[in-house]
Amino acid sequence: MSYSFTLNGQTVEATTPGLTPLLTVLRDQHGLQGAKLGCGEGRCGSCTVLVDDQPVAACLFPVANVAGRAVRTVEGLAAPGAPLTPVQDALLDHGGVQCGACIPGVVMTLTALLESEPAVDAATAKEALTGNICRCTGYVKIVEAAVAASGRGDQA
Amino acid sequence: MSVIGTSVRRADGDDKVRGAAVYGMDYTEPGALTARVLRSPVPAARIRRLDVTAAAAMPGVRAVVTAADAPGRSGMFFALRDQTLFATDEIRYAGEPVAAVAADTAAQAEAAIAAIELDLETLDAVLDVETALDDGTRLIHPDWESYETLVPGPRRGNLAWEARTERGDVEQAFREAHLVVEDEYRSQRQHQNSIEPHAAVARYENGRYVVHTPTQFPFNVRGRVAQLLGVRPSDVRVVVPTIGGGFGGKLDAMLEPIACVLAQRAGRPVRLLNTRAEELRTCGPRENAVVRLRTAVAADGTILAQDGLIIADNGANSSGETVACANVAPLVLGGSYRIPNARYVSQVVYTNTPPTAAFRGVNAPYCVFAQEMHLDHIARELGVDRRELRMRNLLRAGEPMVNGQQLDDAYLVEAMQTVDRLRPWGELTAASRPLRGHAVVPLTWITNPGPGGAGVKLEEDGTVTVASAAAEIGSGAVATGIRQIVAEQLGVRFEDVNVSPTDTDAAAYDNGAQGSRTTFGMGNAALEAAGKVREQVLDVAAGLLEADPADLELVANAVRVAGVPDRQLDLATVAGTALMTRGPISATGAFVAPPIPFDAGCMTGALFTHFAAATYHAHLAEVEVDPDTGRVTVLRYAVAQDVGRAINPQMIEGQIHGGVVQGIGYALFEDLRLSDDGHVVDESLETYRLPTSLDVPPIDVAILENPCPYGPLGAKGAAEPSIIPVAAVIACAVADAIGTPIRQLPLTPFAVLRALREGRRSRDL
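Protein chains in written order, with the numbering used here: chain E, 1 to 156; chain R, 1001 to 1765.
So the derived list for chain E, only partly shown, Cβ under 10 angstroms to chain R, looks like this:
| id | residue |
| --- | --- |
| 1 | His94 |
| 2 | Cys99 |
| 3 | Gly131 |
For each label pair, taking beta carbons as the anchor points, the in silico distance ranges come out as:
| id | chain 1 | residue 1 | chain 2 | residue 2 | range |
| --- | --- | --- | --- | --- | --- |
| 4 | E | Glu115 | R | Arg1493 | 29 to 37 angstroms |
| 5 | E | Glu115 | R | Gly1031 | 39 to 47 angstroms |
| 6 | R | Arg1582 | E | Glu115 | 55 to 63 angstroms |
| 7 | E | Glu115 | R | Thr1633 | 26 to 34 angstroms |
| 8 | E | Thr130 | R | Gly1426 | 34 to 42 angstroms |
| 9 | R | Arg1048 | E | Ala70 | 51 to 59 angstroms |
| 10 | E | Val12 | R | Ala1114 | 33 to 41 angstroms |
| 11 | R | Leu1694 | E | Val12 | 30 to 38 angstroms |
| 12 | E | Glu41 | R | Glu1117 | 27 to 35 angstroms |
| 13 | R | Glu1117 | E | Ala122 | 53 to 61 angstroms |
| 14 | R | Arg1048 | E | Glu41 | 32 to 40 angstroms |
| 15 | E | Ala123 | R | Ala1114 | 47 to 55 angstroms |
| 16 | E | Glu115 | R | Ser1762 | 54 to 62 angstroms |
None of these hints come from the bench; they were simulated from the model. Glycine included, C-beta positions come from ideal geometry on N, C-alpha and C.
Could you build all of it, start to finish, from the sequences and the hints given here?
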């Protein structure tokens, strides 16, 4: 089967069985390796991408379900060489990145959160991040970064 | 302005937040084959027949390997060489590799694995660490006597290793004691669960194995691959892509030797990547253990003597660090309190279970849990305040720990006082009410003393490059710390210091990202090399500036005559001139921690004998227990940690937060269970629960600077220790909340409800 969708703003076609995980299509057919295969069972969130602005676990999400929809990955946020988005910038500013394997997923979850919530406080950020396991940071600085990025978003 | 003590951004951060960093799990090579491993379905068996003929003839299959292809015998740190890469005649755990296949596609590799004929005669599995040493128990390694060891150590049959530390006259002290208290504690397996699974891509090139792997300790993987394959270490080259977490789980060779031997047989690159289930089933977790403590105290609570037995589960072989770290248990039990007479026996026992391995804090978290619950028992018996009992027995500067090592810079009192300023004990105690509890725990811990070498060169454009095989595990030690130290020494901007990719061919030996050693050990080596580069720069610049080198200073990427701002040269000019006059400016540095006096005679079977660059800590927790559900909520947490000198405070805070949260997982729910038939029960993250953002309490952090004379700019290790006291302090706080002692980890809701019931029952009696 063939499925047409937009990937980071460009129309693409995936010719593959409909139940193929979106993550496989992104990584193997489009060379987008930002989203990670951390657990392959939808638990760790390191494969998080946005489908019509909502975070999904791409390791489980069937490619058939993105037909006609808009998929955004971490590579689509800041163009190479262009400035980082407020979320990306705040994560580095607050020391929220260690090994970084969860970070592409965290960035996408927080991007979706900040796009839908005008002002993010720590409790909201924690709630939003429950689907993203970070084994390194203890989440404290990631939550601080989310709150700070939200503030910056208001000013922009 | 000095870059030391500033929270610079990590040099690898931009790529990480853009999703551009290439991790081990992302890496591959042109033409790479896909590998799969046939693993044993049972924990104990004799191999009657293993036939790969049919599998090898299947479409797309390029290589099939078995024990015959990997003749070597090895063990972690080469401590006890009881491991072969593939099971030879006998299966010793469920999940043990039996054979491996490399094929054009994953489906072909899986089909070939299914076609391997394996005929097994099952044996009685020895699964219980406490009965494995009983007379008449089947020996898991009948040939144990023939195995080579790094140092002599007491062992026999299913006792893989024993480390003993004994000082003073224990029996005499027990006879004279006011009170003797005895307890037993149990703890579970905890899995590292880095987000990135183990991965390896190997090729065979010009007669050498080249393997890309996200390892914490490239030189260990090199040596272990060589030993398992029966080649020289220099026949193996290890290159490290970005590492997606390790926590001890990526210290040891795991998939690398399998990928190497397949690549050599196939004549093609081979990629091998674990699933999450394979991670949980086969990659060595923190060992489960039993700790028995018996302590003699005086009427005022002074500890007179302690007798301890630690039984740790090695699993089926010593491919993990459990044997090598056996003596860490005595050191940590006897490292925070004055225990004048002590006898600790640390036993590492074989079972037919997946081998256990290093996890941040190695053997310490459960020893500290046992010690602290036990001290609370003593406090209860004596009617002494729990903190007061600890303060009375705390080691002061200049006093010896259990191995006779004098702790000249002990800072435990200061750490306890700092935590008390953050969360005053008196106020917490006065405000205490049912189902709320608090506790405080001190800790002395090690910085790994191991060797490391670095090269530093000044580039023609005036920037600086460090050649190092240190691995950036995520802590920021390479991405910030080493760079900050070198930038400081040479007066260049942080952004103008680069560090080479991690490659065993390109730089000197490095003891790996373990025991908080990278900023400390590699920092020292790089600092020494940078110091020599500095001298060369000053020498060349002195000639150009017609000044005495003693009058020159390195500031802002330039050499200038002190006090004369217009007489200066940028470093690019100095580097360019040097090229034509004396050759390139470059130097090397090397470090291993200096020897520390201790009483070697009090220990046997000890690979870790002392605490180099010891650090001092205090942790405090406040908890609340829900009596209906048994759920524990950590309300607040406080840490005071001596880091020697804080090179990058933000990175240190991140390490403390991360360790505390891993410790909360260990204390409350993480538990890699084994079934009664020797299989890992929790083979997915659905039942192996990891801490989420909602499990994290507010964490107060106080960084203490108590400089180490042989640390780089005074720094000590900072990354590892924050996990160690967490289970202890939470368990003690929960016990305080429910008025019933805790004897087993983790404190799941079921365990807490059970403890509440038992508490009510014993109070009713």
